[in-house]
Structures are given as structure tokens and as C-alpha cells.
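Participant: Listed below are the residues making up each chain.
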Amino acid sequence: MTPAPDTAPASAAGSPDSPGSPDDVLTVRNLDVAVGGRKLVEDVDFTIRAGERVGLIGESGSGKSLTALSVMGLLPEELRATGSVRLAGVGHDLVGADEARMSRVRGKEIAMVFQEPMTALNPTMKVGRQIAEVLLIHRTRPDRASARAAAVELLAQVGLPDPAVAADAYPHQFSGGQRQRVVLAIALANDPALLVCDEPTTALDVTVQARVLDLIVRGVQDRRSAMLFITHDLAVVATACERVMVMYGGRVVESGPVREVFTRPRHRYTQGLIGASDLTVVDDRGRLVTIGGSVPPAGEFPAGCVFRNRCAQATEVCATRPEWVATGPDSGYACFHPVSGSGTPGTGTPTNQEAGRG
Amino acid sequence: MAEQPTSAPLAPGPRTGPADAISVRDVTRDYRRPRTSLRHPSPPVHALRGVSFAVPAGQRFGIVGESGCGKSTLLRILAGLDRPTSGSVAIDGRDITGLRERQLRFVRERLQLVFQDPMSSLDPRMRVGDIVAEPLVAQGHGNRRERVAELLEAVGLRADAADRYPHQFSGGQRQRISIARALAPRPKIIVADEPVSALDVSVRAQVLNLIADLVDELNLTLVFVSHDLSVVRHVCDRVAVMHNGQIVETGATEQVYEDPRHSYTRRLISAVPTLGKALSGVSAADLNREYQP
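Line by line, the protein sequences are chains G and B.
Numbering-wise (the UniProt record's numbering), the first sequence opens with residue 1 and increments by one.
Numbering-wise (the UniProt record's numbering), the second sequence opens with residue 1 and increments by one.
Since the hints were derived computationally from the structure, they do not count as laboratory data.
A quick note: this is a predicted structure, and the numbers were derived from the prediction, not measured.
Watch out, some of these pointers could steer you wrong.
Stated by the list, open to error - Here are the in silico distance ranges between beta carbons for each label pair:
no., chain 1, residue 1, chain 2, residue 2, range
1, G, Met125, B, Thr36, 21 to 31 angstroms
2, B, Asn143, G, Arg287, 43 to 53 angstroms
3, B, Ser280, G, Gly286, 17 to 27 angstroms
4, G, Glu77, B, Gly98, 29 to 39 angstroms
Yeah, the Cβ is synthetic: ideal placement off N, Cα and C, and Gly gets one too.
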């Protein structure tokens with residue numbers, strides 16, 4: 001993925017990050033989410049263009065799910081978002097938009113797939129009707145008959161065998177992976193400009209995960225939709241996305257093309273995360289690389305650099321907040337003691353034998 | 001999608017000997033679903049279909065499989081929480097299949113369990129000290145406070161953790177608490193059911209290292225169950241791959257991973273996403289494709 005601007009329209013390296021570029025689908029600026037006086041998400045800034053698949057990784061309490069919920073206007077009542085979230089083709093800011101406006105956007109311009117498919121589906125309604133419903137509500141199909149036909153077609157697209165029969169089944173009659181495919185069919189029904197996925201495959205078995213990931217990527221590619229993909233699993237992001245943002249303590253601490261971030265991480269947290277998730281690199285006692293300490297509860301991260309209480313490189317300067325160092329249009333990091341850019345760190349490289357498999 | 005001739009399910013008659021911490025011979029377990037018809041009973045569900053394996057003392061044995069493969073049923077039987085329909089299970093050379101609950105006490109002392117979700121396996125109304133001491137109470141050990149402090153230290157928690165409640169701890173710390181509880185009666189065998197699947201990446205490595213340290217120091221036999229073959233590869237010496245209630249392949253972990261014989265094992269390995277694979281260009285579509293040698 002070398003930056004070759006304007007050769008392939010769907011490639012990750014599109015036009016530079018000029019505000020209001022016609023390809024921009026989602027533009028998030030200075031997004032904060034707070035409860036009481038505590039900031040849970042701070043100063044999140046990013047753009048996703050048409051056809052771009054962007055991953056958002058982080059551990060529990062990093063604020064990744066809150067970021068996604070802010071984009072969709074689904075934050076719990078006690079949380080307040082400030083800043084700006086703009087979606088191409090929608091005339092108003094999504095931050096602060098009332099439910100009536102958001103419900104016109106949700107399911108049409110923005111669609112989502114969550115971790116637990118059973119809670120996303122209505123247990124008392126046949127799945128075909130649930131898909132048809134989203135087409136009728138947003139008036140993308142004129143009547144029940146054509147909505148039903150489209151629903152069956154969508155079930156076929158997500159690979160359910162015998163889609164016409166599946167349309168007449170209830171959610172409990174499906175397995176977990178099949179349910180997630182139904183949720184995906186609903187999400188893709190109106191060809192959304194943006195698909196938000198929050199840990200969509202975390203609850204699934206490996207072989208089922210592979211299936212669902214494939215369907216998600218194909219679904220957004222076919223529609224040239226933008227995708228925001230949230231997960232704690234680095235390997236899943238690297239497989240499904242072109243670009244990645246690393247969140248920790250409510251902030252984006254590093255971002256860039258997947259290959260760059262995962263082979264030459266700059267932020268110490270990214271470096272630690274890659275090391276800790278690599279189960280093939282061990283020390284002479286056979287032990288894995290770890291990050292010391294544990295993730296603090298949301299809202300209780302240290303001031304200044306949020307990672308400094310777990311970072312071996314931290315010095316006094318880290319008590320002040322590190323500035324964002326841009327290394328490209330969509331890449332950069334916020335760290336006073338970054339991993340040197342030239343050398344390859346021992347942990348982040350694809351060292352292993354399994355690289356050739358698959 | 002070349003359907004490979006699969007290797008024989010298992011070489012018959014695994015070697016068992018007196019040194020085996022666990023030996024499982026030809027275990028089956030059938031369940032019956034609730035009746036749906038007045039005239040016919042529901043067909044039985046064959047959760048386990050002739051499972052045999054042996055774990056020598058001190059080995060780290062992995063069981064890999066997806067939901068519904070029978071691995072949870074197998075664990076319940078190993079722990080004496082369920083009985084096989086046929087076949088036999090021996091712990092430290094003693095057959096446990098015919099024993100009554102009261103006679104299973106030695107199993108509870110020798111073999112302890114660690115579960116996936118520490119939140120649902122720790123009583124939220126009990127203090128950590130009491131949680132860790134509970135197996136000691138049940139088995140009538142004395143001098144519990146001292147032992148609890150020792151255990152908390154062994155799993156990397158401060159002694160004052162004993163006075164707090166589970167919700168005051170993070171996921172990784174809670175898993176440390178359940179490990180401390182499992183170690184309390186000085187078991188020789190630890191059976192861990194997906195112990196790191198619910199943990200954050202940075203914490204997962206810590207807990208895996210802790211398990212490895214404890215297994216080494218205390219000379220434990222470890223049975224490690226996971227859906228994730230790469231975790232098992234790191235932790236275990238030998239692995240059994242389960243599918244549809246049967247062990248379809250077993251062998252040294254490295255060998256099974258590098259040279260899988262059974263088509264299901266190959267499918268399982270090729271479906272696991274890794275950073276290395278992704279960075280060398282393996283896409284989601286590739287993971288989903290059937291393994292092609």
C-alpha cells in the first residue's frame with residue numbers, strides 16, 4: 001500500500017486531507033465525550049473517505065466504542081458528546097442532532113453491526129420482515145412485495161443457504177454466525193455510505209469469523225461504502241482494514257496505514273500492543289512480551305500522556321500532553337519518546353513461519 | 001475445495017500408564033432433548049463420540065475446537081461434574097466414572113478449574129479473601145489467612161486484595177483471583193477453559209505468562225481448552241483437535257500446527273487471522289477460503 005494518490009479511487013491513499021474533499025464520507029472533528037466532569041473521549045479527529053476501510057483498535061476503556069456510538073448518535077443519556085461529526089449528504093451535524101433527525105440517518109446513510117447479534121434482532125419477528133422493514137421505513141422500496149424480494153436477495157448475498165426459506169425463520173432458529181449475517185444483511189440493505197462495525201466477530205468461532213469478515217469486506221467493497229471497524233484484535237483489523245487508528249485512554253495515540261503502523265509503530269503503546277499480541281515471540285524463558293500494569297478504568301487515565309504510567313520510556317515531560325506529530329495526511333502519533341522511525345522494532349515485524357499460510 | 005482423504009481419526013488405544021494424570025478411554029456422552037412428540041422420544045444428541053486420550057503428569061495439553069464440538073462436555077466429565085454415557089475416565093490412575101459424589105473428593109483436591117469469564121465465576125458478594133479460601137473451607141484446611149496471602153502473592157496481587165470485592169478489580173486481575181482460588185487446595189492438575197478469551201490483549205500476555213510460571217513452579221499438569229489455536233500453540237506441548245464430539249487429530253502442538261493432517265484442522269488453522277498473515281497480504285476472503293496446500 002504505497003501512497004500513490006489518485007490512481008485507484010478505492011485505494012487507501014486517496015486525496016490529501018483537505019476539509020470538504022468530495023470523497024469524504026465521515027468527518028469527525030474535536031470529538032469529546034464526557035460524563036459529569038470526566039472526559040472519556042478527548043479530541044478525536046479523523047476522516048473516512050468513500051470505499052475506505054478504517055480500523056479503530058483499543059482495549060477496554062479506550063473509548064473506541066463511545067467514539068462509534070457518538071458517530072451513530074446512540075450515546076447513553078448521561079454521556080455528552082461535543083465537537084463535530086459530519087456525514088456526506090446529511091445537512092446537519094450528527095453531534096447534538098435530535099432523535100427524529102438521527103433516525104432518518106441511521107439505517108440509511110449509516111448502518112451498524114454490533115458484537116451480539118441476538119440483541120440487535122427482534123426475536124418475535126421473522127428475519128425477512130426485519131430486513132424488509134428497514135427498506136420500507138426509509139422508503140427505498142415502494143411496497144411490501146418488492147421489499148420482501150429485496151430481503152431475500154440480501155439474505156442470498158450474505159450467503160445464507162435457501163434464502164427464501166430463511167426469510168421466514170425467526171432469529172432463534174439461526175446459529176450465532178448466521179444471525180450476524182442477518183444483521184449484516186439489514187445493515188447493508190440501504191447501501192449505507194458508512195458501515196460501523198463494533199466487534200462484529202468477537203463472539204464467533206474462528207471459521208465463522210473468517211466467513212463473516214469476508215462478507216463484511218465484500219459488502220462494503222461492492223457498495224463502495226466507507227467502513228469504521230472497531231475491535232481489540234489487531235490481526236482482525238490488519239486483515240479487514242487499510243488504515244488503523246489506535247486508541248488508548250480516550251485519545252487516538254497513533255494512526256496510519258495498517259502496514260506502517262503494524263510494522264513500524266511510533267507510539268510506545270502501539271509497540272507494546274503489537275508485542276503483547278504476538279504469541280510467536282518469546283524470551284529465553286519462553287515468556288511473552290508484556291506491557292506492565294493494567295488498563296486504568298475509563299476516565300482515570302493519567303494527565304499528560306495517557307500511557308505514561310505504563311510506559312518504560314516515560315519522563316517528566318510526559319506529564320504534559322504530547323502534541324500530534326503528523327507523518328502523512330492520515331498518519332501520525334502523539335508521543336514524546338517515539339520508537340525511532342528508521343529502525344524496525346523487534347516486535348512488530350511479521351517474523352513467523354505462518355506468513356505463507358492460507 | 002479438494003476433499004482430502006482424512007487421516008484415521010485416532011490411532012487406536014492411546015498409551016496409558018500409571019504416570020498419566022488424566023486418562024480418558026472411549027468416552028461417549030449422549031443427551032436427550034426435551035420431547036417434542038408424544039409418540040417418539042427426541043433423537044439423542046451425541047455430544048461425545050468415543051473420545052480417548054491420555055495426559056502424562058506434568059504435560060501441558062491443549063484441547064481446541066469450536067462451539068458445539070463437545071469440549072465443554074468433556075471438561076465437565078473430567079472434573080467429575082457430569083458422567084459419561086459409556087467409557088471411563090481416570091484421574092491419577094483412579095477411575096472416577098462409577099464414583100458417587102462423596103467419593104469424588106480426591107478429584108476436587110487434585111483437579112481444579114479456571115473458567116473463561118472471571119466475573120460470572122466469582123461471587124460478587126464475597127470478598128476476594130473468602131473466594132480464594134472457599135475451596136480450603138470445603139476441604140477443611142486450617143490456617144487459611146496465611147495461605148490466602150501466599151496465593152494472592154503467587155498470582156501477582158497485593159495481600160490487601162483479600163479485603164476487596166471482585167468488581168473492584170479489572171478483568172485480568174479477576175482472572176488472577178480465579179487462578180489463586182484454583183491453586184488453593186494445592187491441586188496437581190489445572191483445567192483452564194478459555195481462560196484468556198475475555199481479556200484485553202495487553203493483559204492476555206500477562207495472564208498466559210502467569211499460568212506458564214505457575215505450571216513450571218508447581219509442577220502442574222495443565223489442560224488448556226481454547227477455540228484459538230495460536231494461544232494453544234504458545235501454551236501447550238500437545239494438542240487434541242475436537243470436531244463434532246470426536247478428536248479428529250492429536251499430536252505435538254508444533255507438528256499439528258505446521259503440518260496438520262486432518263482437513264478440519266487445516267481449515268481451523270487457515271481461518272485464524274494473524275498479523276503476520278495479514279501483512280503478507282492474506283485477505284478476509286483468503287481466511288474464508290478452504291485450505292489449499
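Participant: All the hints need checking, so say for each whether the structure fits it.
Facilitator: Evaluation of the provided hints:
{"no.": "1", "hint": "G:Met125 x B:Thr36: 21 to 31 angstroms", "in the structure": "holds (23 angstroms)"}
{"no.": "2", "hint": "B:Asn143 x G:Arg287: 43 to 53 angstroms", "in the structure": "violated (32 angstroms)"}
{"no.": "3", "hint": "B:Ser280 x G:Gly286: 17 to 27 angstroms", "in the structure": "holds (25 angstroms)"}
{"no.": "4", "hint": "G:Glu77 x B:Gly98: 29 to 39 angstroms", "in the structure": "violated (58 angstroms)"}
Going down the numbered hints, you'll see the structure goes against 2, 4, while the others check out.
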